[in-house]
Amino acid sequence: MHPHTIPRVTIQDLRRIPAFETLPEDYLSTLAAVMVTRRYAPGQIIFLEGEQSQSLWFVLDGRVKIIKQSESGRVQGLCMMDRGKCFGSCPLFSMSHNPATAEALDNVTLCVIPADTVASLTKRDPKLVRVLTHIYSQRLQHLARVSEVLGAWTVGDRINDCLLTYASHADGAEGCVALTHERLAALAGTVREVVTRHLKRLEHHGVIRSESGRITILNRDALRPPCSRNESQLISM
Amino acid sequence: MVSGAILSDIKLAAELSPRTQRAIAEKAVQVDYMPGIELYQQGDPPSPLHMLLTGRVKLYRQSRDRCQILALPANGDSIGAESLPTGGTSPYAATTLTQVRALVISTVDLQVLLDELPDFQEAFLRLITERLKQFVTLVHDLAFRDVTSRLAMVLVARAEVEGRPQDGGVLFDRLLSQQEYADVVGTAREVVYRTFKRFEDDGLVSMTRRHILIRDLDTLRSIGQQESR
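Protein chains in written order, with the numbering used here: chain Y, 1 to 237; chain A, 1 to 229.
In isolation and in its complexed conformation, chain A is listed as follows (with noise of 0.2 Å):
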């Protein structure tokens, strides 16, 4: 059992009653985890449910050497138990890309609550389709966009959402390696490794190795919006 006042910064319970939001307190437990840990893996029976307090995740499909990065949930988000309503296998796996923090609640406890409590079970239909929607701008994105356009569209989706200003830019933690850069644009390290070098050279991010700086934001978004021919 957790403090019911942890939940305002879950985003699937922040909204919900006392009573719901104690409901889920009782049941959920606090567990930390080190960077590199598979939370649940793709074809799995349905995970927990794991509330994020701190940290980051990576969501991925994997079919023979390639792999597909689908969302980089953060502290607030919910993954898990994405199949559960269905009965069916996780659809994805997912890895801490740092250290995590996490509510879980597991699936028979999170059953037995979906059952119960209607508001839980309306905030859990909408955590799927906010993540529905996500994957169909990802489809978007993989389908008509280039990987030019691809990796600007990741870089300003970060600097909006995690990115401090700095001096000549907005800094923000590299997070992913080359390859899972590649991973999320859908193409190989080669290509991530040269289309960075030409953002470099074009004045529009510096990065370190801990690091990316995004010197001009408005050149990238516009880079990120162009759609292939």
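This is chain Y alone, in the form it adopts within the complex (with noise of 0.2 Å):
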């Protein structure tokens, strides 16, 4: 399946974008010119790692997935892109090949910039450089904290992080995860089992309530990651 393309990006757009809010109108008119639209459905592959990197994309609504894979098949969930967020690889320097996999969620509509536009952009006005700056260094924030999460992390610490991350509050205020287990464990860094087994624990806590495909999370703050939350909060296993 074909992504649905829909050429006219307007500056309304663009405003929704956080990392655009400090550009001047005219040049937020300049960007909108050669940008261009993009429609992606659940599950639809946006690009995959290893693939020459052609543009760098902005998420103008739904959400994207962003996934690491190795060679035996195994995935690995890097980070969960929503609206006004930006991903790909800079289009400036050497990193000429996706690192990563990025795969829509739901229906997703994205703002796109060709590579090569970037790199005429920035040599006429560095005020790109500066947006880029501002998003890579963020990014650069949220992979330290993965490789932490990776590194550090119990594996029930990893698994409460991505209910957390992946929680939608579509239909309560607390939150609901459509994630089967196995989707779960690959973005948690384990086996379906170890999800599974420990899904069951935080239920019989009282932390979350499971029916099928369907986790709704009872208790956000039971399911904080060990940096963020007090000792005593923490779930006896």
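In case anyone wonders, no lab produced these hints; they're calculated from the structure.
Selected chain Y positions facing chain A (in silico; Cβ < 7 Å):
1) Lys68
2) Glu71
3) Cys90
4) Pro126
5) Val129
6) Leu132
7) His134
8) Tyr136
9) Ser137
10) Leu143
11) Ala144
12) Leu150
Every residue gets a Cβ at the ideal spot worked out from N, C-alpha and C, and that includes glycine.
Reassemble the complex: the two chains are provided individually, in unrelated frames, and hints are given to aid placement.
Pasting the structure below:
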């Protein structure tokens, strides 16, 4: 299935992207003229790890998951990008191949700047370099945290963190997670059996309610990661 | 103010125009640090930029009693100010592992330089994306390689960058304690101890209190490249 392309991006679209907040109207208008909008259906691949990187992508609507895959097919979630976030390699330097795969999590609308356009825009005006520095600085902070999560957190903490990250608040104040145990395992860097055991323990402690294909979070505080919660809030496992 | 020539040893500044180098040199101050000095902490406001002339630093994140070492910058590398563009807090801490001599630029001066010098702004962006690439590789290794493979990879990388050819192999300074090697590969000290012991028993490495001698770099590299199933 090919992504649906809608050619026009408006200044109003770009105003919804935090990284562009400081850009003046005339620069936004220059950007809007060179960007295109694309739509993807849930599960559709936006780009694959290892492919030549061709664009810088901004989320206008929906959610995109960024994952890494091993040679044997194992999957590790890196992050989830929702409205206003940017993903894709820095088009100015040697990051010529995508370091990860991007997949639409639900119906997604993106706006895209082709890589060669980024290079020509930054030559004419350094404002975009400032925007890119902001974007990649944010990403650096996120990846430092992911490294800590994978290297220093327990599997239980990683699963809890995924539940908080992927919770949608559309159906209730506490949030619902519409992920299978298999997908949750891939995102948390573990196997399905471990996820199932951990969720049973959380349910036993009244932290979540698990129904088929849907997990309802009843106590968000009990799921908070180790760097942000009080020791006394830890669930005894 | 320092001499502009000294900046040719710093990757961040080496390719910049003479005018930009002069402007950086005017704002930089040379500082010496003893080993074990915390240059900045995780969660601090944006830290000054440190351009390392000599010595070694560890970048790490800490949660509860666990620590994950993210990188081991050396002379020529620049650290700090990673959160200046966002105005957020430092995403990790930096502590000296050895004596360090660095050129330091305050965040206020750095912001002025970045605003006024487009080539420096671009070099700073490159610095951030290079560190980002390192972290992507680290995440891949933590997710898909086991401890044996990760430790082998760390030793191979150090041998390739810092190793001195010796009789019977490639020698480099040990630099890190066993706990710190565990913090690099994301495991417990006992596991690293057992893995080093196995490497020694298999004739791949020899260790003294201060040095590590890689006896069989090719085998170690092939162990490092294996992904766990």
